[in-house]
Amino acid sequence: MQMPDPDQTILARREEIANHLRTIVPGEGVVVSPQELRVYESDGLTAYRQPPLLAILPETAQQVSEILAYCHAEGIKVVPRGSGTSLSGGALPLADGILLCMGKFNRVLDVDYDNRCVVVQPGVTNLGITKAVEQDSFYYAPDPSSQIACSIGGNVAENAGGVHCLKYGLTTNNLLGIEMVLIDGSILRFGGKHLDSPGYDLLGLMTGSEGLLGVVTEVTVRILPKPETARALLLGFPSSEQAGDCVAAIISEGIIPGGMEMMDKPAIEAAEAFVQAGYPLDVEALLIVELDGPQAEVDHLIGRVSEISGNCGAQTSRTSQNEEERQLFWAGRKAAFPAIGRLSPDYYCMDGTIPRNKLPHVLRRMREMSTDYGLRVANVFHAGDGNLHPLIMYDANNPGELERAEDFGSDILRLCVEVGGVLTGEHGVGVEKRDLMSEMFTEIDLKQQLRVKCAFDSKALLNPGKVFPELHRCAELGRMHIHKGKLPFPDIPRF
Amino acid sequence: MNRLKPENAQQLEDTVKWALSSGSTLEILGSGSKKALGREVDCSCQLDLSGLRGITLYEPAELVLSARAGTPLQEVIETLRAENQYLAFEPLDYGPLLKGQSDTGTVGGMIASNLSGPRRLKAGAARDHFLGFSAVSGRGETFKSGGRVVKNVTGYDLMKLLAGSFGTLAVMSDVTFKVLPAPPEEKSYLLAGLSDAEASRAMILALNSACEVSSAAHVPVSVARDLKGCAGEKSVTAFRLEGHAPSVRYRLDRLEKLLESFGKGRITATTESRVLWSSLRDATPLQDEGSSLHSIWRVSVSPAQGWRYVEALNLGPEERCFYDWGGGLIWLSLKGGNNAVKVRELLEKISGHASLVRAPVDAPDRKIPTQPLGAGEHLLFKRIKQNFDPEGILNPGRLYDDL
Numbered sequence: 001m002q003m004p005d006p007d008q009t010i011l012a013r014r015e016e017i018a019n020h021l022r023t024i025v026p027g028e029g030v031v032v033s034p035q036e037l038r039v040y041e042s043d044g045l046t047a048y049r050q051p052p053l054l055a056i057l058p059e060t061a062q063q064v065s066e067i068l069a070y071c072h073a074e075g076i077k078v079v080p081r082g083s084g085t086s087l088s089g090g091a092l093p094l095a096d097g098i099l100l101c102m103g104k105f106n107r108v109l110d111v112d113y114d115n116r117c118v119v120v121q122p123g124v125t126n127l128g129i130t131k132a133v134e135q136d137s138f139y140y141a142p143d144p145s146s147q148i149a150c151s152i153g154g155n156v157a158e159n160a161g162g163v164h165c166l167k168y169g170l171t172t173n174n175l176l177g178i179e180m181v182l183i184d185g186s187i188l189r190f191g192g193k194h195l196d197s198p199g200y201d202l203l204g205l206m207t208g209s210e211g212l213l214g215v216v217t218e219v220t221v222r223i224l225p226k227p228e229t230a231r232a233l234l235l236g237f238p239s240s241e242q243a244g245d246c247v248a249a250i251i252s253e254g255i256i257p258g259g260m261e262m263m264d265k266p267a268i269e270a271a272e273a274f275v276q277a278g279y280p281l282d283v284e285a286l287l288i289v290e291l292d293g294p295q296a297e298v299d300h301l302i303g304r305v306s307e308i309s310g311n312c313g314a315q316t317s318r319t320s321q322n323e324e325e326r327q328l329f330w331a332g333r334k335a336a337f338p339a340i341g342r343l344s345p346d347y348y349c350m351d352g353t354i355p356r357n358k359l360p361h362v363l364r365r366m367r368e369m370s371t372d373y374g375l376r377v378a379n380v381f382h383a384g385d386g387n388l389h390p391l392i393m394y395d396a397n398n399p400g401e402l403e404r405a406e407d408f409g410s411d412i413l414r415l416c417v418e419v420g421g422v423l424t425g426e427h428g429v430g431v432e433k434r435d436l437m438s439e440m441f442t443e444i445d446l447k448q449q450l451r452v453k454c455a456f457d458s459k460a461l462l463n464p465g466k467v468f469p470e471l472h473r474c475a476e477l478g479r480m481h482i483h484k485g486k487l488p489f490p491d492i493p494r495f
Numbered sequence: 001m002n003r004l005k006p007e008n009a010q011q012l013e014d015t016v017k018w019a020l021s022s023g024s025t026l027e028i029l030g031s032g033s034k035k036a037l038g039r040e041v042d043c044s045c046q047l048d049l050s051g052l053r054g055i056t057l058y059e060p061a062e063l064v065l066s067a068r069a070g071t072p073l074q075e076v077i078e079t080l081r082a083e084n085q086y087l088a089f090e091p092l093d094y095g096p097l098l099k100g101q102s103d104t105g106t107v108g109g110m111i112a113s114n115l116s117g118p119r120r121l122k123a124g125a126a127r128d129h130f131l132g133f134s135a136v137s138g139r140g141e142t143f144k145s146g147g148r149v150v151k152n153v154t155g156y157d158l159m160k161l162l163a164g165s166f167g168t169l170a171v172m173s174d175v176t177f178k179v180l181p182a183p184p185e186e187k188s189y190l191l192a193g194l195s196d197a198e199a200s201r202a203m204i205l206a207l208n209s210a211c212e213v214s215s216a217a218h219v220p221v222s223v224a225r226d227l228k229g230c231a232g233e234k235s236v237t238a239f240r241l242e243g244h245a246p247s248v249r250y251r252l253d254r255l256e257k258l259l260e261s262f263g264k265g266r267i268t269a270t271t272e273s274r275v276l277w278s279s280l281r282d283a284t285p286l287q288d289e290g291s292s293l294h295s296i297w298r299v300s301v302s303p304a305q306g307w308r309y310v311e312a313l314n315l316g317p318e319e320r321c322f323y324d325w326g327g328g329l330i331w332l333s334l335k336g337g338n339n340a341v342k343v344r345e346l347l348e349k350i351s352g353h354a355s356l357v358r359a360p361v362d363a364p365d366r367k368i369p370t371q372p373l374g375a376g377e378h379l380l381f382k383r384i385k386q387n388f389d390p391e392g393i394l395n396p397g398r399l400y401d402d403l
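Heads up: the sequence lines are chains A and B, in that order. Take 1 as the starting number for the first sequence in UniProt numbering and just add one per residue. Take 1 as the starting number for the second sequence in UniProt numbering and just add one per residue.
Hints are not guaranteed to be accurate.
Said to hold, decoys possible - DSS-like mimics (lysine-lysine), calculated; alpha carbons at most 30 Å apart, straight line:
1. A:Lys447 - B:Lys382
2. B:Lys382 - B:Lys5
3. B:Lys144 - A:Lys358
4. B:Lys257 - A:Lys131
5. A:Lys167 - B:Lys178
6. B:Lys335 - B:Lys234
7. A:Lys167 - B:Lys144
8. A:Lys447 - B:Lys257
9. B:Lys17 - A:Lys447
10. B:Lys122 - A:Lys226
11. A:Lys226 - B:Lys257
12. B:Lys144 - A:Lys459
13. A:Lys167 - B:Lys382
14. A:Lys226 - B:Lys264
15. A:Lys167 - B:Lys257
16. A:Lys131 - B:Lys122
17. A:Lys226 - B:Lys178
As the list claims (entries may be wrong) - Partial list, derived from the structure: chain B residues whose beta carbon lies under 7 Å from chain A:
18. Glu141
19. Thr154
20. Leu252
21. Glu256
Please keep in mind that the hints were generated in silico from the structure rather than gathered at the bench. For every residue, glycine included, the Cβ atom is placed at its ideal position computed from N, Cα and C.
Chain A extracted, bound-state conformation (with noise of 0.2 Å):
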């Protein structure tokens, strides 16, 4: 994986730049040192380290403006950063870029009921929110596994998910607006606490766009009443195809659970192993349905997804009679990534999205990858979605398997766009995944992404070297080739 090469003038003008930074963020909102700046040279994606040129931690969104416009004047790349838990290294600091800290960005500023709406700075956490409107029965609806930690700001650019979209979407479903500044300096706003947006939908454009086409310095999302109760039940399979026929027959019944997930023989071994959830360890394949609404809902749809299971094949079906127990259901699950921690010095943990029915196909040949390679792989799995999350076990110390599991992962998502899937679920492009890019994108589609960048950012100066794997000048991209001559398809039915 190669990144842009740094630019030297800039690095020469490191002293200089911070002065005048320091004039916009006065105090210690400034780093430089290299010890202080170790902190901030990774993100979730550990295996790729890089200290930035420097890094600037402002308050309000007016220094932000002030940074990005000294920046776009002065040429100078910059990097947004959330709370850094990217698993596809969205916030990998570049050698010449200012590294843009949105952490203090950190308060609760409009708690509003009757809207069933929220308005936080970027940096309260996702979790966080919830926290501040839990006491009133209400939650904010997408779960990334990070929640406790991730930024909402960096929600609202990796477009994060959860266990929960099937039933209640992404971030995307659930933002009603956003404040941001872009590379020039401006400031505008999309959306608010109404529905819907007047022409273009520039809240929708953003949410994902990686902090490749503006910095968010405040967010607005829906909130929602809390469920009234949430029962679970824990199915174990003979088959990985037992398992997904079962899910697809639960869906073909009308039933949307509140979460749906899979995981195979691996996983659960790990799992059990780390937390003793009690998961049966003779199955192949192992789903978690949750449902949650109204107490007599749940009642009547555990008892049919009892049955459909039990049509299916499953050959362990347990029913959470308590809080207490549904909590344990998902403990395992919830461990399962340190658990497989605890299986192998390093792992690397993909996120492709395959059409469900393929599932069976993709373990399959996952496992024959998996003996070729040499490398381990455990999958947990978002299944109502059709989101898959392996976990390729490697030893960073052993020379050459960073690199294999690499190339197995990449592998994989091969795979996962040649049966109809994409790349990435809910963890980014990235640096990790953007020179796939070309699997699943032709020049053309990739060229008309690029332009939308040019819209924004011009000059490239956003979050460089991430999801695009080859970067045009927008000059080159806004040319124009049109071939004059007469109607050459004839055959066009005219009236």
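With the hints as your guide, set chain B onto chain A.
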């Protein structure tokens, strides 16, 4: 006028290329059912997409459907119905308001105008269900974005950009969207005689409860008289509950208790509920308003402020309104065709936007049917348009005069 009707995606690309090389501009039409919505365009050719027709993929268990852009929406709805599925965002049918004809739109038009209905509150709009597309840009290039899976963050979400773009950025040839199981049961709970302010409080109470109300609307008496299914001489405040039968029964009971202080309500039959919500969805009570004298507006505001906004508008004796989306969507019927300033001025203090749906011929409001933008946003819109359609050949002026 030239009317070009490509029969496949390749011919569509050829058509746009030809338009580019010949200096032609294209008015993009599915069935033309929403031609009267938004600004009128003055193009040298019409690009008729009704030849791009047919459902290309439908996998009920995968909750996904793909169709060519010119496929009649009704065909999709009926196909889904046969599998007990539906489009949860409940696309509103502008036909009756604009042309007096129902159910003539296409799926491409549904997405290009980002339709939704009373379930917008709970289920979102077309944008929230739009998973992927293939389209031809104003550069004459076929490009795609998204896919056929729900969870996908690979590259920019261009689906959001095209939903609601009214064909000004690219012409879609194929679209893929998420579908959902249709709720087996539906009932509504109706309260009678509430004022707008009381109804707003009742809707907040209901929507903030765990009763999972999927739609909430308030119809003041002036419109309730013309309401299909439950016309009367009192205002109607309606709450829709959908889902599995035992759940709907349970929640109705809860809701009735919750709203006790607003008087004794009435539970509708299933059919009555369906008729009521489709009538509110399409604003049929306003359909026969004298079209030579009245204008119809759709205003989106923060829900709790809806009734205050209407109060401040100070409607005249022949003017009326009703509320959907828990008070956040206001359908207005106003006299004359010169109301834009009044309607939009009040929105500066609260968050929201107003769109003109219908106005008398030659009404000044017809020139700016879409909410004007701030300078920064407008500049960004222009740069986006420039990057998709540099020659301005796709629906020029459809959204704003310089886009």
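Name the hints, by number, that the structure is in violation of. 8, 13, 20 and 21
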